[in-house]
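*Asks:* Sequence:
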Amino acid sequence: MPIRVLNLNSDNLSYFMRRDLLSVGIAFNFQQDSAVNNVATDNVVGSDGPEPTVSDATQRVLDVAERLFMQRGYAAITLRDIAQALDMKQASLYYHFPGGKEQLFVTVVQRVLERYKAGIHQALATHRLDLRQQLMAIALWFAQQPPMNLLGLMHADIPALSQASQAELLDSVFVALFAPIRNTFAAAQQIGTIRTVDPDMITGAFLAIMDGISYRQAHSDEISPEVMAQEMISVLLDGLHPAT
Numbered sequence: 048m049p050i051r052v053l054n055l056n057s058d059n060l061s062y063f064m065r066r067d068l069l070s071v072g073i074a075f076n077f078q079q080d081s082a083v084n085n086v087a088t089d090n091v092v093g094s095d096g097p098e099p100t101v102s103d104a105t106q107r108v109l110d111v112a113e114r115l116f117m118q119r120g121y122a123a124i125t126l127r128d129i130a131q132a133l134d135m136k137q138a139s140l141y142y143h144f145p146g147g148k149e150q151l152f153v154t155v156v157q158r159v160l161e162r163y164k165a166g167i168h169q170a171l172a173t174h175r176l177d178l179r180q181q182l183m184a185i186a187l188w189f190a191q192q193p194p195m196n197l198l199g200l201m202h203a204d205i206p207a208l209s210q211a212s213q214a215e216l217l218d219s220v221f222v223a224l225f226a227p228i229r230n231t232f233a234a235a236q237q238i239g240t241i242r243t244v245d246p247d248m249i250t251g252a253f254l255a256i257m258d259g260i261s262y263r264q265a266h267s268d269e270i271s272p273e274v275m276a277q278e279m280i281s282v283l284l285d286g287l288h289p290a291t
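Going by the working numbering, the first residue of the sequence shown is number 48, and it counts up by one from there.
It is worth saying that the hints were derived from the structure and are not from the lab.
Check each hint, because a few of them may be wrong.
Computed Cβ-Cβ distance ranges for the label pairs, DEER-style [what the hints assert, rightly or not]:
hint, residue 1, residue 2, range
1, Arg242, Ser102, 48 to 56 Å
2, Ala122, Arg242, 21 to 29 Å
3, Leu287, Arg158, 15 to 23 Å
4, Ala138, Ala172, 43 to 51 Å
5, His266, Arg107, 39 to 47 Å
6, Asp134, Ile238, 50 to 58 Å
For every residue, glycine included, the Cβ atom is placed at its ideal position computed from N, Cα and C.
Hey, can you work out the whole structure from these sequences and the hints?
*Replies:* This is how it looks when you write it as structure tokens:
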């Protein structure tokens, strides 16, 4: 069966909603609609235009909210926690985010995903013809970011939101994180660089590894993220058999 490279230019990505959290940690299994067309890997990530300007005060709210949400998760953080960290009244947060905690959280996650989208795009563009170097560049970029806790985001945070917000963030996770890496594996299979394996499963495994490296890095500096990334990417691409 030919491996399909996914089209991200569709106006409706709702058919990418279904996800499975497999035993490896995170392995998204997104169903493809029959209307999805093949596109080149270069088209996976592109600019959606300039970001709207944000006031300094709103930026400060987003910065503090991001730190708290990423550290402790959606359910554990209240608007009061954010207001106290900002040394402002809780009611003042509604000036910036009238929809309250959920709107603030969605905005924070969208902002984080935009950074990851740009970082992954840059990593892939730097090493277009070398899968190992592409994965290593992505891994090193992940290691330079504050831990996202992707498993917690998918398993706990997003399901706690309204259906509309769930749909919005699942689409954004797919576009920013899953699809560019998935298409990279699919393209490598098409040219024979790696054997044919379900690209959805291997992408989920890779993202689970990245999440694990971020967690380990946050709790121990015994092994550098570069060494961890090299070892795990070697396991992913070369297996556990001794080198011959």
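*Asks:* Each of the hints needs a verdict: does it hold here or not?
*Replies:* Here is what the structure says about each hint:
Checked against the hint of 48 to 56 Å, the pair Arg242 and Ser102 passes, with Cβ atoms roughly 51 Å apart. Checked against the hint of 21 to 29 Å, the pair Ala122 and Arg242 fails, with Cβ atoms roughly 41 Å apart. Checked against the hint of 15 to 23 Å, the pair Leu287 and Arg158 fails, with Cβ atoms roughly 38 Å apart. Distance hint for Ala138 and Ala172: a CB-CB separation of about 45 Å, consistent with the stated range 43 to 51 Å.
Judged by the Cβ atoms, the range 39 to 47 Å given for His266 and Arg107 is violated: they are separated by roughly 28 Å. Judged by the Cβ atoms, the range 50 to 58 Å given for Asp134 and Ile238 holds: they are separated by roughly 55 Å.
In summary, the numbered hints that this structure violates are 2, 3, 5.
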